[in-house]
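2 protein chains.
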Amino acid sequence: MPIEVLDNELTAQRLSRLNEALGSGMFVHVRDMLHNMAASDIAFILESSPPKTREVLWQLIDQEHTGDILDELGEDLKDQLISQMAPERVARAATGMDTDDLAYILRSLPDTLYNQVLHSMSSQDRARVEKALSYPEDTAGSIMNTDTVTLRPDVNIDVILRYLRIRGELPDATDTLYVVDKRDQLLGGIKITHLLTCNPDTSVRDVMDPDLEGIPVGMSDTEVAQLFERHDWLSAPIIADDGKLLGRVTIDDIVDVIREDAEHSMMGMAGMDDDEDTFGPVLKSTFRRSLWLTINLFAALLAASVSNMFEGTLEQFATIAILMTIVPSMGGVAGNQTLALVIRGIALGHIGQSNSRWLIGKELAIGFLNGLLWSVLVFGAIWLWKGDMALGALIGGAMLINMTVAGLAGASIPLILKKLNIDPALAGGMVLTTVTDVIGLFAFLGLATLFLLN
Amino acid sequence: MPIEVLDNELTAQRLSRLNEALGSGMFVHVRDMLHNMAASDIAFILESSPPKTREVLWQLIDQEHTGDILDELGEDLKDQLISQMAPERVARAATGMDTDDLAYILRSLPDTLYNQVLHSMSSQDRARVEKALSYPEDTAGSIMNTDTVTLRPDVNIDVILRYLRIRGELPDATDTLYVVDKRDQLLGGIKITHLLTCNPDTSVRDVMDPDLEGIPVGMSDTEVAQLFERHDWLSAPIIADDGKLLGRVTIDDIVDVIREDAEHSMMGMAGMDDDEDTFGPVLKSTFRRSLWLTINLFAALLAASVSNMFEGTLEQFATIAILMTIVPSMGGVAGNQTLALVIRGIALGHIGQSNSRWLIGKELAIGFLNGLLWSVLVFGAIWLWKGDMALGALIGGAMLINMTVAGLAGASIPLILKKLNIDPALAGGMVLTTVTDVIGLFAFLGLATLFLLN
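Protein chains in written order, with the numbering used here: chain A, 3 to 456; chain B, 3 to 456.
Isolated chain A, as found in the complex:
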């Protein structure tokens, strides 16, 4: 029996064959190809296609696959496709989806479409999804599934085994069955692998792990992901404040959370929305990126106004103008290194009250040491280039000041922003660069004015 060896090369080949078929207008052929692909592969191809190709492909996709494919798409593209769909089609697509994914999609719909979709759903589906929507975004509740299989503690394992056989297929990614009492209080759990190997004559209570920890429904999804990573869980039960079992979170949703949080840090530091669609429309992207550029323009004008204060110096010494970008540039890079480290530490939960002081001190020390090192090197470089020892000393001194400030600012800005409930990954870079630009220009031009003008 031949086993198909999966490979991304294969996806690439498939992509180019699809493109060929599309190019030559063989739409029936394309439809057949799409029909034989997994939803996740179609989603991948949609994500990798320019808008026009996407539109054609979307027309050719089986209606009954719509939900599964939407499930796998990035938020931006998902919103875009849904906004073009008839509410009935969205409702139909919704039927087969996991509760948490469906709630996620509904949350992003405009109000009128949202109500139309809810209206077109069966009352059972509607109840299920309304419950899920009652949990705030980015909490354990919002990524929770309600498809738990629960057992009572006083039943024998052989009864359970017979029950499972009658019940039939278990929900995807089920690795643990939960044990609850009459009031649905979580008592413990039994791993499926354990069910297979334990003595069938014992009771559930004797076999279960009574130390199974329930995750509070209101915990942030990032914290839940940290727990999954630390304990190598595949799934975890979610409980209400009173200990009642509400559902479970599975590792596939956790992987999405980890991916999203990581993308958020990386894209955020560059001033981009992590939802941004790589192959999205030009105009939408242009306007989206404007906010960041607007803020940067103000920062750049602020830096220019610092230079403006030293107009007299710049008038007399063109060399100062030539060299004045070096100090802010080095401070910016050094500060950004610290910033990235601290933002990662915050995201991983490593930085808290007890160690943030130590960390700021450490980064300040690194900034000062780097400042010493680079002030000597730059002093030498400028002395060599311009043959002016005093100029070298000026720029070296400014460098020492700015890199020390950069270390301090890179470590403390994200921590301060976090305290103020402002996302450090988003605002940190811009605030930091403004600080290192202003301090760098001020230090260099100030020292130059002090020592050269008199």
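Just so you know, not all the hints are guaranteed correct.
As the list makes no split between identical chains, a pair holds if one copy fits it or if it spans any two.
[As the list claims (entries may be wrong)] Derived pair list, reagent style BS3-like, types lysine-lysine, alpha-carbon separation capped at 30 Å:
#1 K246 x K184
#2 K54 x K286
#3 K133 x K246
#4 K133 x K184
#5 K54 x K421
#6 K420 x K54
Hints are computed from structural coordinates only; laboratory data are not their basis.
Assemble chain B onto chain A, guided by the hints.
This is chain B only, laid out in the frame that chain A set:
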């Protein structure tokens, strides 16, 4: 029965209680506290502690837990702790570890220690780990475990169920049993959940999924992670080129790969090593960050030498010097936005031969549109500030040129670097900033010289 509600608050509390006990020198108490903690929690606390606290904690940890704790640590801290351990202790710690994790640790050891550790291991452990070490780093083979449970196709399910009960506990994160023929060729797989619910009188062959795809042992771990994400796998079989089953990869290792790749992109863009330990020693960090600062110094000097070409203009017009940082700054931000988008697209596997041209065109268009928009705004701002329309027009023109170049460079630099087998996440930011600084200064000072000096 009380269920302990886990919470990161709890870890924070534990941390501060530990710190208190450490501070008052109650080491026996600390040892007891550590004794009752999970390895993953101890690892988390070590990661979050300054060096001195770490040293004391490490002394107080149970010897038999060492391996489990090392397993959970970041690479930098792991290396540091291992380098201070006696080879015998490393070897003892190695006994209880997963093969892939052990290989990972051994790979990072210096040669003499490496040989000493291998020498102190049992011959069985040594054979197991030498096999794992034969697979290149960052491939499916390097994150593979060999603890697969395999079945023959012609046995009945009830026989399998009896066999499993005799065999006892299954390896962690086992969700699928693999079916192989006499030559260990992978024929298919049976999900554990399916074993529980299927008819026991059927044969393995009838119940198994014959379409189970084996992952080639040489596939890059990043690609494997992409497959896991797309298909929501919990584990996947790894096969040799001839279809022979070699082992399996589990989702916990994939989560580590995703986390590491994401951190690599984020830290790399800021010029940091993704192994960098948040609470590592100052001097080591200082020297590590120097490489990036050295490169940046050359970039900054290059930019200064561009300004130097226009010394005459700068001598005559101090205002030009005051404003000359604005154009490079805006170009840098716009280019970095594009860069982040493209680096993420490459990491997710969305960008390939078939769509990179389209993407470059799109980003060029966004750059041009942004350039138009900002050149008008900056023209207005400078006209207002300096009351000089010509100056506003000059800076606006330079802005249009630089932002268009930024869009083009931000999209094409990472793609070119990838073609040259240079990591775009590491080198992209520096190359891009150099381009936008040089072009920005050249455009603004060049236009100013052309129109103002004559």
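Now the hints, each set against the structure:
1. K246 x K184: Cα proximity of K246 and K184: one copy only (10 Å, versus 50 Å across).
2. K54 x K286: within (15 Å within a copy, 51 Å between copies)
3. K133 x K246: within (15 Å within a copy, 48 Å between copies)
4. K133 x K184: within (22 Å within a copy, 52 Å between copies)
5. K54 x K421: between (45 Å within a copy, 27 Å between copies)
6. K420 x K54: between (41 Å within a copy, 27 Å between copies)
The structure agrees with every numbered hint stated previously.
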